[in-house]
Amino acid sequence: MEKLLHSVYLDEEKCLGCTTCLRSCPTGAIRVRGGKAIINESKCIDCGECIRICPHHAKLAKTDPLSLINDFKYKVAIPAPAIIGQFKTKYSFENILSAIKALGFDEVVEVAYGAEVVGQALKYEYHAKRYPKPLISSACPAVVKLIQVRFPELTDNICRLKSPMAMTARLVRKRLRDEGNYKNSEIGVFFITPCAAKATMVNNPASSEYDKYDQIDGAIAIKDIYPDIVKNLNDCNIQEGIHNTTPEAFSWALSGGECEYLKNKNVLHVDGIQNVINVLDEIECGKLDTIEFFEGLACIGGCVGGCLTVENNYVAKMYIQDRAKKMKQTSTIHMPDEYVKSIYNSGMMHIKERILPRSPEPLDQDINKAIEKMKQIEILEEKLPGLDCGSCGSPGCRALAEDIVAGKAKEIDCVFVLKDRVRDLSVLTNELLQVEHPTEKPVNKKPEFSE
Amino acid sequence: MSYELSFEVERGDFETAGEASRKIKRTLQQLGISNKVIRKVSIAGYEGEMNLAIHSWGGKIVLEVGEDTLILTIEDTGPGIKDLDLAMTEGWSTAGEEVRQMGFGAGMGLPNMKNNADNFQITSKIDEGTKIVMSFLV
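Quick note, the sequences are listed as chains V and C, same order.
Numbered per the UniProt record's numbering, the first sequence finishes at 451, counting up by one with no gaps.
Numbered per the UniProt record's numbering, the second sequence finishes at 138, counting up by one with no gaps.
Isolated chain V (complex conformation) (with noise of 0.2 Å):
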């Protein structure tokens, strides 16, 4: 079994047990326990939905601190498309980006590099015969997860071009390499993150798609840095040349971004996990035939809408759709033909692995005993309000089914459930007062029995 590593967290001393977060969580992974908080490992996909919703801010993502970059002689940030959201469109690319190269870095190269490379390539990957239609983009980790957890049937679908922060990663090695000034291991390359998800993706080795040519060494939150990079933006010097990138690659930070590389397919692009999910039941039932590539993306918005942003998605989309209008009129950037295929034909934007399903454990492995255990979820269901109030620590009636079903749970940690047991206790606790018994004396009566 591989090992499931995950980046969001519960901060103990926060949660106050609230089951704010039981419901938010599209795949059911989290239950309350003991009055706190707990996800479920091997279900959670990073998606961020209970970081938004915590009213106490108990859960977080695990990314890295800043100082980490100080491990390398040679440091490389490479900042997710979302990040040119974050700021008014009267700061230049340049100027944003000579601020964060200000933090400490020896070279800023936007994800959006990256991006314009794979964007290019799929049109050389939707052909690749061992898909079935629909396509499915693999740029946002959280819903390829989903994929994994909820919809098995669909991992085959799963583009296997690597996502646009590896391609930076490794364009920026190779090029450091060719260069010659620095050892492999001495530079160190920085995602700057948008999301928990992306996070996980760079810290968690098992579910790596790099290897050491493509490394990246750790993900810094754009919020944790945010506040150092404004105050950067008014006195840096601003290097000119430090941002090449195409108004359609930045563009990848919004959700439909990576469909207008394949402008002539019949493309859908779906942003917010639910709806995500909403369409992917369609695709699994076979209902959306007609569709040629889906880009499903776990945020409002897309990337612009990740939990670790500062900037609201709206305004950053706005700020976004700017800049591309404006570059549009006067870019000259441009990304020859020859140079991403001569990069898609040597197999470095290929993840080696086939994406395998991670579904959800059976009720039980002989499926006799499984469909008993189904009868029995059923008989319990029943029994409980319907509600799906959460106040027993799980998400739903049915969920609290399985759970105890499962071992897990209890009937009367259902709080309509106790309440009737105390209800029938009071019951015959009342009786028990009435009535008296035959050889006991009576209590300041006399005896109804008298002829």
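It is worth saying that the hints were derived from the structure and are not from the lab.
Quick caveat: nothing in here was measured; it's all calculated off a predicted structure.
Check the hints yourself; a few may be wrong.
Covered stretches of chain V (chain C as the covering partner; in silico rule of three or more C-beta atoms under 8 Å from a C-beta of chain C) [unchecked claim]: (1) 280-292; (2) 352-363; (3) 372-379.
For glycine and all other residues, C-beta sits at the position ideal for the given N, C-alpha and C.
Let chain V serve as the given structure and place chain C on it in line with the hints.
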């Protein structure tokens, strides 16, 4: 040991259409049925559910889970199908314009069900209804 799951589907019930197939899918996952079989059952079940909503006057979907076979029965009261051979032809449909505009009624329903099931039987009586019994090997 066997297990049964059943759903009523009303005519024109598009808001909830798809719900039965989703529940069937989840149940089969919990029972440990392989993903490949689940996919086939979901596709056939969804087509059946749609047919009930579009063509019938209402009907029922029943899934029986046995140790080595799944049986999916889709039974309705309805107009019945005049020419079964024709109805089994890909692309043939009697769905009205309104339904087609919603993206349904392309006429792939029955053949698609047959292609996904290991065994497919259909019986139909005019002005009474249609019954489809499909089995899937686990």
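A quick look at each hint next to the structure:
Restraint check on the segment 280-292 of chain V versus chain C: 6 residues with Cβ-Cβ distances below 8 Å, three needed, restraint holds. Residue count for the segment 352-363 of chain V with a Cβ under 8 Å from a Cβ of chain C: 5. That meets the three needed, and the coverage hint holds. Restraint check on the segment 372-379 of chain V versus chain C: 3 residues with Cβ-Cβ distances below 8 Å, three needed, restraint holds.
Of the numbered hints given earlier, the model fails none.
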